[in-house]
Structure formats: C-alpha cells, structure tokens
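Protein chains in written order, with the working numbering: chain A, 27 to 273; chain B, 695 to 1028; chain C, 44 to 301.
Note that these hints are calculated values from the structure, not bench results. Here the structure is a predicted model, which means the values were calculated and not measured. There may be inaccurate statements among the hints.
Unchecked claim - Estimated spans, in silico, between C-beta atoms of each pair:
hint, chain 1, residue 1, chain 2, residue 2, range
1, C, R67, A, A158, 18 to 24 Å
2, A, A158, C, V108, 27 to 33 Å
3, C, A121, A, S184, 48 to 54 Å
4, C, R191, A, Q228, 49 to 55 Å
What the hints assert, rightly or not - Over the 10 Å line for every Cβ pair with chain C, so calculated as not near, a few chain B residues:
hint, residue
5, V718
6, I719
7, L728
8, F751
9, R830
10, F831
11, G838
12, T913
C-beta atoms are modelled at their ideal positions from N, C-alpha and C, and glycine is treated no differently.
Each chain, letter by letter, is given below.
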Amino acid sequence: MSCAPLSVSQLRFTYPGEHHAALEGIDIEVAAGERVALLGPNGSGKTTFVMHLNGLLELQDGAITVGDLAMQESNLREIRRRVGAVFQDADDQLFMPTVRDDVAFGPANLGVTGDELDRLVVETLERVGAGALIDRSPHHLSGGEKRRVAIATVLSMSPHLLVLDEPTSGLDPAGRRELIDLLAGLPQTQMIVTHDLPFALQICPRSVIISGGRVVADGPTRELLADTALLAQHRLELPFGFDPTRV
Amino acid sequence: MTTVLAMHAPDGFLEPGVAVATAVIALVAIAAGLRGAGRELGDRQIPLAGIAAAFIFAAQMFNFPVAAGTTGHLLGGALAAVLLGPWVGMLVVSVVVVVQALLFADGGLTALGYNVLNMAVVTAFGGWAMFRLARRFLPRSASGIVGASALAAGVSVVLSASAFSIEWLFGASAPVPFDTVFGAMVGVHVLIGIGEAVLTGLVVGAVMASRPDLVAGATDLSAGERAQRGRVGMKPFVIGGVLATVAFATVVSQFAVDNPDGLEKVAIDQGFIDTAQDHAFGSFIFADYATSGVGNETLSLAIAGLFGAAVTLAVGFGLFSASRSGRRSSGAAV
Amino acid sequence: MSGAHANGSAVDSLHVDIESVVHRLAPEAKLVALVGFVVAVALTPRTSVWAFGVYAVAIWLVVFVSHVPARVVLRRLAVIVPFVLFAVLIPFIGGGEQTTVLGVSLSVDGLWAMWNILAKASIGATASIVLSATTRVPDVLTGLTRLRVPRVLVAIIAFMMRYLDLLVRQLGRMRTSMTARCHDPRWLWQVKPIASSAGALFVRSYERGERVHQAMLARGYTGTMPTLDRRPATAVDWSRAASLPVVAVVTLIVAVVR
Chain A
27 MSCAPLSVSQ
37 LRFTYPGEHH
47 AALEGIDIEV
57 AAGERVALLG
67 PNGSGKTTFV
77 MHLNGLLELQ
87 DGAITVGDLA
97 MQESNLREIR
107 RRVGAVFQDA
117 DDQLFMPTVR
127 DDVAFGPANL
137 GVTGDELDRL
147 VVETLERVGA
157 GALIDRSPHH
167 LSGGEKRRVA
177 IATVLSMSPH
187 LLVLDEPTSG
197 LDPAGRRELI
207 DLLAGLPQTQ
217 MIVTHDLPFA
227 LQICPRSVII
237 SGGRVVADGP
247 TRELLADTAL
257 LAQHRLELPF
267 GFDPTRV
Chain B
695 MTTVLAMHAP
705 DGFLEPGVAV
715 ATAVIALVAI
725 AAGLRGAGRE
735 LGDRQIPLAG
745 IAAAFIFAAQ
755 MFNFPVAAGT
765 TGHLLGGALA
775 AVLLGPWVGM
785 LVVSVVVVVQ
795 ALLFADGGLT
805 ALGYNVLNMA
815 VVTAFGGWAM
825 FRLARRFLPR
835 SASGIVGASA
845 LAAGVSVVLS
855 ASAFSIEWLF
865 GASAPVPFDT
875 VFGAMVGVHV
885 LIGIGEAVLT
895 GLVVGAVMAS
905 RPDLVAGATD
915 LSAGERAQRG
925 RVGMKPFVIG
935 GVLATVAFAT
945 VVSQFAVDNP
955 DGLEKVAIDQ
965 GFIDTAQDHA
975 FGSFIFADYA
985 TSGVGNETLS
995 LAIAGLFGAA
1005 VTLAVGFGLF
1015 SASRSGRRSS
1025 GAAV
Chain C
44 MSGAHANGSA
54 VDSLHVDIES
64 VVHRLAPEAK
74 LVALVGFVVA
84 VALTPRTSVW
94 AFGVYAVAIW
104 LVVFVSHVPA
114 RVVLRRLAVI
124 VPFVLFAVLI
134 PFIGGGEQTT
144 VLGVSLSVDG
154 LWAMWNILAK
164 ASIGATASIV
174 LSATTRVPDV
184 LTGLTRLRVP
194 RVLVAIIAFM
204 MRYLDLLVRQ
214 LGRMRTSMTA
224 RCHDPRWLWQ
234 VKPIASSAGA
244 LFVRSYERGE
254 RVHQAMLARG
264 YTGTMPTLDR
274 RPATAVDWSR
284 AASLPVVAVV
294 TLIVAVVR
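So here's chain A without its partners, still in its complex pose (with noise of 0.2 Å):
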C-alpha cells in the first residue's frame, strides 16, 4: 500500500450553486521529504484543491490519501494534525491572544496539557527563530514575524505535511529571505502555493501547474519555468530579467 504523505487521484469539485466545476480531476503524489510548489494563475483552483487537504471542503467525487489514511470523516482528526494548513493571511491563522497561546491552541486540542504542552510551544517557538516573541499579541508582529509564528502553529502539532499558501506575500526582501532559510531547513513535507516564481524556483525542485481545474504540467521547476509558452498559456510570468536557467 502506497505510504506517500499525500496521494490525490481524480479529485472533483463543484460549488453549491454553481455550473463549472472548480476541480475538473486532480493527481498528484507527494513523496516524502519532498518540497512542492503549487503555480496557477488566479481562480484556477489552488485554494480549493488546497481547503481539500485537511477536510475543510467535503469531498465529492475522488480520493485523497495522507499517508495510510483515507479522507473521510472519521478520520479526519488524525487528517488534520497530520497535514498542517499555513493560510495565506496570517491575521486569520493568530486568533489568540498571545503568540504563546496561538502555538498551544493546535496541541492542545490533541490533548496536550500542562508542562509538555507549555515545552512543546517553546521548543516549536525556538525551531522558527521567534522565541523572544512568545508572550506578546500577535497584532504587534511584523510581517515577517506573524509568518513564523503561524508556521510554528502547526509545527507544534507535529505534522507530516505543510501545506502553505502564498507564504512570501507582504513580505520584505529579508523577510522573505529568511523565510526561505526557515522552509528548507524544516524536514517536513511541503507543498507551497505561490505566485512567486524565483521563490518557487530556490526552494521547491519540482512543480504543478494548476489551471482551469487540472494539472497541466508536473515536473522539475527548472524545466517548466523555462518553458515560456507553458508560462503565457496560463498568465504565469517571471519577474522583468529573471532568467530560471542561469541561477
């Protein structure tokens, strides 16, 4: 039996009300340890493919695999600890009043108390640099900042599989860098959605264009970035002089 972190076949999705379907018929395979960007121009389905992996959309028509678990309800619990979801606004992902309780919520849910759960929030602070930020508000983070805390949120539920959407938006170039620095030293599985090319490029060796629903491209990100007519046909661009085969 396939032990894959994520296994995606014929996935399909319709909105309520809606003719056009907004998943025509999804594959992808994740291997382990594999890093994953997600490319698509707007509206092409990113989100909703993504709200489907940790059961936040219900399933209609296909299957969806996290590790040796299928997605159904009951398994659902296991599902979402398993796959760890960084939203692209971290304002929605720190609800609580401070950064300390923020990382605890996820945990704590799982049953975590006392003095594992408050050595588990430190421990996850440290691992995402933002130690010294653990009993402020996080209305009073940086960009840069509230991004590492929100990944520390689901890092504390010891997930399997990140999946992040638009990480680099609103960032500064350090920022950003630094985040970079943070994503690649983490050993989780990752699948990253972003409009950011260059980023997508350093980080991720292989890519999926999403567009209109399906995949329409699956392979080394060098290659597909380098194809320019793949890139047009689906409003993708690389930024003005950024050339993929000579960084």
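Chain A is fixed; fit chains B and C onto it per the hints.
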C-alpha cells in the same frame, strides 16, 4: 456628542435595587444569548460573534456628521439584530457594553445591569420586533429590508430611552420627576434615533448590495427579491426618516400629555398602578422620587406603566419572533 | 506592514507597560478586588461624605503604588464627562426643598444627587482604569476564565479584542481614502459613503470570521476552546489584592452603622 444621556451610565446613577434587578435580567439575557447564538452559529459561534462584536465596537467609535459639524455615532443594537439575528445581535452588543465598562471605564461596573438591558437587550429585541412588524407592510425586496431596518433602528433608540426612564422611576438617584426625565430622554433620543435610522438603513443597504446572504433579517427573501432595489435619493430618505420619527414622537407626546384620563383608565384597568406603586414603595432601595415634584402622581405612574408595557411588549414580540425564526433557520442551516 | 501603533490603537493604549506590585498581581485577584470595591462604593449612603474621602484616598494610593502616571488616569477619566454634565444639571431642575447659592435657587436633594453621582462615578471609573492600566488584555481574559466566567463568553471577548484594532485601522484607511478624494461630509444626508464603507467592513469582518473558523478547524478545533491556563493566583496575590475591597467594605459598614 449626541449620546449624552442614555448611554453608558456610570456607577451610582440609579439606586442599588434597580442595579441588582437589572443585573439579574442582563445575566439571564446573556446566558440565553449564548445558547441562542450557539444554536444559530454552531461551532462558528466564537470567531463570528467575536469579530462581529469587534465590528460593532469599531462602528461605535466612528463619528458621522449630523448637522453643521456636530457628529454622532451608531449604537448598533438594531443593526446587529438585523445583520446577525436578534440572539447573536444582543449577545454581541452586550459583550461590547461589558468590555467598555470593564476595560475602558465607559459606563460603571455596578451600572452594567441597566446598561446591558437598555443598550443591548431592548435595542436588539425591540429593534427586531419593529423590523419584523415593518416588513409586513413593506415590499419583499432589498429596499423593503433597508426601510424596515431604518425604522427598527430609529424606534429601538426611543425604546431604549423609554426603558431608561422607567428604570429611573423605580430607582432615581435624584429628585427629578419621572415625566421630566421621560420628556427629556425621549425628546433627545428621537433626534438620535433619526441618525441611527439613516445610518443603519444605509449600512444594511450596503451589505444587501454586496452580500445579501449575510443579512440575517433577509434570509427569507429569494435571490430575485434581494436584487430588487428601488432608487431612493439620499434627501428623500433622510426627510422620510425625520418625518416618520417626528410622527412617532408626536403620537407619543399626545398620549402622554393630552389624554391623561384615558391613560389613567387604561392603567387602572390593567392594574398597572397597583403594581407600579408596589414597586415604587415596596422596598427601601427603590427610591420614591417619582412622586416628588409631579403634579399628578397617578399620571406619571400611568405613563410609566404604559411605556413599560410597550417596551416589554416590543421585546417580548422580538423574543417570540426570534425563537420562531431561529427554529426555522436552524432547520435549513447549511 | 506599518507599526501597530499607527492610527491610534484602542487596545494598545489601555495597558501602561511598567513594573509594579499592582502589575504583578494575579489578574483574578485584581478583578475580584475591583468588583468588591465598586460594589461597596455604590452601596455607600451619599451622606457619608467622609467615606468617599476614604475611597478616593484608597484608590489613588493604588494608582500611586502602580506607578501609572496620574495624568494617564485623569485623561481616561474624561469618558465620564457627559454624565458629569448631566449631574451638574440636577440641582437646577430638581424639586423638593430649595436653597439659594449666589442668588440661584437650587434643590438640596438635587445637590446631594449630584454629589452622589460625581463621587461614585469618578471613584468607580478610576478603579476600572487602574485594572486595565496594570493588566494586559490576555491576562484579564485568563483572570475571567479562572473566575469561572463561561469559556465561550471569554473566548468571544478575546476574539473581539484581538480583531478590534485591525477593524478600526481598516475603517481609518477607508476614511483616509475618502478624505483624499475630498469627501468631507458635514450633514446627515452626506453620510452615504461612510455608511457604505461600514457595510463593506461588516462583510469583510464576517468573511474573516469564517476564515478564522476554518483556521481553527484546521488545527483540531471541535467547538470547545482548549484550556491553556498555567499559574493561578497565590495566597500572597489574594491578600494583597484584598486590601482594597477590605478597606472599602469596612468603610461601608461603618458608614451604614453610624
């Protein structure tokens, strides 16, 4: 500027008896609100009610112009009820009022009972009652919802002021006769009500235009009805609001001033006077200022009785229709 | 990302970030002390003028010990001004026995009522200000939880405080963009753009509420908030905090018995 009187009363404003009695009512209301909101929102209750409370708080901080540079601000009870439903709406405004007292020193902690009652319970349920009532006479369309919200908001402010006046009757801390307080409170709040009506109508209108599915008071409209929007200019809208409120106030004052005999009769028939007097004199912590300085003691008690009945009726009707519509929507909940 | 202090943050300005005995007390002890104190003050007969003197000295002693600058307390006391104005009116419109001061006839009972409201309102408000100036919002929330306030209610308050500044800033930005386009309304019938932006803010808030709910679900939320509490109040905390309400209750008893 405009909310000088009824809102956020400090410690010591009414006698302890009224403070305790209203605190009990407010506690029951908040507990019921938690249950009602839990029923309507399920496990979305905490984030949605919390952020909605932040919205009402923010909206209250936002000044809008009234006339020639004077400004006012929203109270938001009726707005919250129309947008979120009466249970969630009441809960959310209560939370705002409690936090304003506890952390912002805005309103006394020992005055929380009557502040929550007047600003959250009466405005949300009174407003909701008026909203349901008005919708019976208004077209089933987006404009109908906007009109009903505006009317509900205007009336909710006047109801709130009436509720305060009645509490004053039972627990005044000063020798100001009930009818003076009542006249001043209702008079001032008719003006405030106009601003509240216009603002609430416009805010609900803006939400109806972009996300009509979020307006709790409009869940029974079909997609086609939601899209129906009459083109009403701002000036007619404001002038209409003013006329409606003035008409309302005139009716109120006619009742109160010109027809004492009729009132008295109603009050005696209904036994209001006896109960009112029992309350007024029954306990040492309830002050008896209602009698001092009033020419006609019976009259003032009768007015109080009538308005007590009106406020109670409005809130009761709001509660009734809330529990009915709550049951209906929970059946169809996604 | 501008700093958190831009555009006048409502929540951040509450806490005065210094060290003191009062700051260090457990929040639940402070909450109980605050409520005990204001209830005693509210119950005190208004004719016991000396008792209010004791209360004022007691609460200002706490202000002094907490190192919160007096001007901060005084500035925040401004919220009671509308009611002060009302209280000052009472002697003029009050009935009953009259006295003449500087040729103006005033109600004796009205003067007492004015004094009652002024004294209780200012002492009560000062006590609330001391609490919020010396206790960070997350700690107040912890205190409420420890005092068995229903967890759902505390959580709703927590979410409100968490997102309040965010919303106020959004509203501020909308207003700035309106002013930038020369919209400076002065009359009620010009408020439509303001109301529209408030409507838009509601929609955004609601949508944020739904996204936050999803973020909670993604981290294992099942409808009950987890308990995250650690260090409850010690006996030292309780005894220190109790000093204020004990003074008040003793004063109250003396005032009533005499």
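Note to self: Of the numbered hints stated earlier in the document, which are not met by this structure?
What the structure shows: 7, 8
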